[in-house]
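A.B. asks: Each protein sequence line maps, in turn, to chains E and B. The numbering used here applies: residue 1 is where the first sequence begins, and numbers increase by one. The numbering used here applies: residue 1 is where the second sequence begins, and numbers increase by one.
Certain hints may be false.
Note: identical chains are not told apart, hence a pair may lie in one copy or across any two.
To be verified - With a straight-line cut-off of 25 Å between C-alpha atoms, the simulated SDA-like cross-links for lysine to any residue are: (1) Lys-159 x Ser-7; (2) Lys-191 x Gly-147; (3) Lys-34 x Ser-7; (4) Lys-135 x Ala-189; (5) Lys-34 x Asn-121; (6) Lys-34 x Gly-17; (7) Lys-191 x Pro-117; (8) Lys-159 x Gly-100; (9) Lys-14 x Ile-46.
Hint data in this document are derived by calculation from the structure and do not stem from the laboratory. For clarity, every value in this text was computed on a predicted model and none was experimentally measured.
Protein chains: 2
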Amino acid sequence: MTNPIESLIHLLTKLPGVGQRSARRMALTLLRHKESLMRPLAQALIAAADAVQPCEQCGNLDVRSPCSICVDPRRDPSLVCVVEDLSDLWAMERGHVFRGRYHVLGGTLSAIDGRGPEELNMNRLVERAKDEGIKEVILATNATVEGQTTAHYLTDLLKECNVTITRLAQGIPMGGELDYLDEGTLGAALKARLPF
Amino acid sequence: MTNPIESLIHLLTKLPGVGQRSARRMALTLLRHKESLMRPLAQALIAAADAVQPCEQCGNLDVRSPCSICVDPRRDPSLVCVVEDLSDLWAMERGHVFRGRYHVLGGTLSAIDGRGPEELNMNRLVERAKDEGIKEVILATNATVEGQTTAHYLTDLLKECNVTITRLAQGIPMGGELDYLDEGTLGAALKARLPF
Numbered sequence: 001m002t003n004p005i006e007s008l009i010h011l012l013t014k015l016p017g018v019g020q021r022s023a024r025r026m027a028l029t030l031l032r033h034k035e036s037l038m039r040p041l042a043q044a045l046i047a048a049a050d051a052v053q054p055c056e057q058c059g060n061l062d063v064r065s066p067c068s069i070c071v072d073p074r075r076d077p078s079l080v081c082v083v084e085d086l087s088d089l090w091a092m093e094r095g096h097v098f099r100g101r102y103h104v105l106g107g108t109l110s111a112i113d114g115r116g117p118e119e120l121n122m123n124r125l126v127e128r129a130k131d132e133g134i135k136e137v138i139l140a141t142n143a144t145v146e147g148q149t150t151a152h153y154l155t156d157l158l159k160e161c162n163v164t165i166t167r168l169a170q171g172i173p174m175g176g177e178l179d180y181l182d183e184g185t186l187g188a189a190l191k192a193r194l195p196f
Numbered sequence: 001m002t003n004p005i006e007s008l009i010h011l012l013t014k015l016p017g018v019g020q021r022s023a024r025r026m027a028l029t030l031l032r033h034k035e036s037l038m039r040p041l042a043q044a045l046i047a048a049a050d051a052v053q054p055c056e057q058c059g060n061l062d063v064r065s066p067c068s069i070c071v072d073p074r075r076d077p078s079l080v081c082v083v084e085d086l087s088d089l090w091a092m093e094r095g096h097v098f099r100g101r102y103h104v105l106g107g108t109l110s111a112i113d114g115r116g117p118e119e120l121n122m123n124r125l126v127e128r129a130k131d132e133g134i135k136e137v138i139l140a141t142n143a144t145v146e147g148q149t150t151a152h153y154l155t156d157l158l159k160e161c162n163v164t165i166t167r168l169a170q171g172i173p174m175g176g177e178l179d180y181l182d183e184g185t186l187g188a189a190l191k192a193r194l195p196f
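Extracted from the complex, chain E is given alone in its bound form (with noise of 0.2 Å):
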């Protein structure tokens, strides 16, 4: 591992998607520019290595903590979004659809992967809850097993709070074909019908 190509190549497979023949391939366009990307893609990591830290209030990562979410006058901080992941939460801002806040709980409870409720971010999600003016949480798990038992699980936390829990409506995706849907979702969303 003392050839430099090497290591890299090695560093580069550590990264989610990329095996041996992919970070090759990274390798060998890095290296062919040199200056239009090897060096700036370090200095773009060392920069945001040193930059950005999680916020205090939601776990969110940003620049600045509190993020710049949650310091935004125009977001209604009465509403707040629990969503597990970071990945959520630019999920959900791509969309343009929330305009609150957001808790970042940092993954799920997992039996499995033996992660419990202290290894998650919801402490903090009742302290807000109790002391932050929250009118409603959004409970926005992802729609697994291990998501919606999280959010069962938060409900419960949350009980003793003086909030509205919600969840994510369930039912047909936008451009969904019933014949593709599996059984699952097709009975959620005929579960939850609507007047039309």
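Using the hints, position chain B against chain E.
C.D. replies: Quick look at chain B alone, frame taken from chain E:
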């Protein structure tokens, strides 16, 4: 683009095979493992950018020039394998099947991309073939139209040098099933058939 996370994601999308979604996943993984992955990767990028240079003889990338292949006394200096790209050199080396030296062209001739002979590392090959006691030049360009065009061009170019010019055999790959092979491969394999 002032946000360091966004700058990082933007640079990651410039890597081959990395789109927005993969870049976001990578950025998240990196930010989660700042000390174990993000900073080491930055350092590896800088180390490789600083140390790695093209070999003056063969065009291989290495920390030294002439590269470690060119100076390896166990390798046959009379045998040179011409490859399109560094990735092809790596592929040959992974196979441990070749014990001569290499010559990396840095691409193929391409009318579409406007790449002529002067863009490729060809003159150095002719110099080597004249001066370095090379007896055989193996043209190991890809079995594509452009690769074969380049090989033909090189044959003309090397005519004046006193070297044997060979090319890789074409035929059925190991484990190949006839039913799944294209007619071109089958035709080539039939034409080049050997006594059993």
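A.B. asks: Each hint: holds or not?
C.D. replies: Each hint, compared with the structure:
1. In this homomeric assembly, Lys-159 and Ser-7 never come within 25 Å of each other (Cα to Cα): the closest approach is 51 Å inside a single copy and 41 Å across copies.
2. Taking the shortest alpha-carbon separations for Lys-191 and Gly-147, only the intra-copy value of 20 Å comes in at or below 25 Å, while the best inter-copy value is 61 Å.
3. In the homo-oligomer, the alpha carbons of Lys-34 and Ser-7 lie at most 25 Å apart both inside one protomer (16 Å) and across protomers (17 Å), since each shortest distance falls under that limit.
4. In this assembly of identical chains, Lys-135 and Ala-189 lie within 25 Å of each other by CA distance neither inside one copy nor across copies; the values are 27 Å within and 74 Å between.
5. In this assembly of identical chains, Lys-34 and Asn-121 lie within 25 Å of each other by CA distance solely across copies; the values are 19 Å between and 40 Å within a copy.
6. For the homomeric pair Lys-34 and Gly-17, the shortest alpha-carbon distances inside one copy (23 Å) and between copies (18 Å) are both at most 25 Å.
7. Proximity of Lys-191 and Pro-117 under a CA criterion of 25 Å is satisfied in neither setting, with 31 Å inside one chain copy and 69 Å between copies.
8. Proximity of Lys-159 and Gly-100 under a CA criterion of 25 Å is satisfied intra-copy only: 21 Å inside one chain copy versus 74 Å between copies.
9. When the C-alpha separation of Lys-14 and Ile-46 is checked against a cutoff of 25 Å, the pair qualifies both within a copy, at 17 Å, and between copies, at 18 Å.
Checked against the numbered hints given earlier, this structure breaks hints 1, 4, 7; the rest are met.
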